[in-house]
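Under the UniProt record's numbering, the first residue of the sequence shown is numbered 1, with each subsequent residue one higher.
There may be inaccurate statements among the hints.
As the list claims (entries may be wrong) - Distance windows between CB atoms, simulated:
id, residue 1, residue 2, range
1, 51, 25, 16 to 24 Å
2, 65, 42, 29 to 37 Å
3, 22, 53, 18 to 26 Å
Hints were generated in silico from the structure; no laboratory data involved. On a predicted model such as this, the values are computed, not experimentally measured, just so you know. Using N, Cα and C, we set each Cβ at its ideal position, and we do this for glycine too.
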Amino acid sequence: MANLPVEVITEILSRLPMKSVLQLRSTCKWWRSLIDTTDFIQFHLSKSHTTLILRHRSHLYTVDLQSLEKPLEITHPLMCYSNNIKVLGSCNNLIYISNFVDDIVLWNPHLCKHRILPADHFNCPDSSLFAARQHYFFDLHNRTFDS
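When you get a sec, could you build the whole thing from the sequences and use the hints?
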């Protein structure tokens, strides 16, 4: 594949499922650097299937809307709690979830990484989960969370 233009390699990789692309990051340094670029991530997201997230109590499931196969349960960072969880929102494959014990998590299920958001931002008198989620954003270029 060394003789293929970068555009062709990018097109091929963008058609693979995210899990496969992430496994290919360890193939070589050049592929890793390509896959980790913001441009590739956005390109891959633009080609990916729409996936629906379903919640039942403390369990989350995904359904691919193109295949409509049986929902798959996904392990999330708040699985250790027996109480319900709430999906607060999602954007570009990042999922914002909460349990009802004040834990709020920004989670990337493809990378199996998450960030627990500091609770001290939510100690205002009229605090609610809806108001709290307005305080955070993710800077894709710098890969940082800000409030």
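For the range 16 to 24 Å, tell me whether the beta carbons of residue 51 and residue 25 fit it or not.
holds (21 Å)
Does the hinted range 18 to 26 Å hold for residue 22 and residue 53 at CB?
Cβ of residue 22 to Cβ of residue 53: about 19 Å, so the range 18 to 26 Å holds.
Holds or violated: 29 to 37 Å for the Cβ distance of residue 65 and residue 42?
violated (20 Å)
In summary, the one numbered hint that this structure violates is 2.
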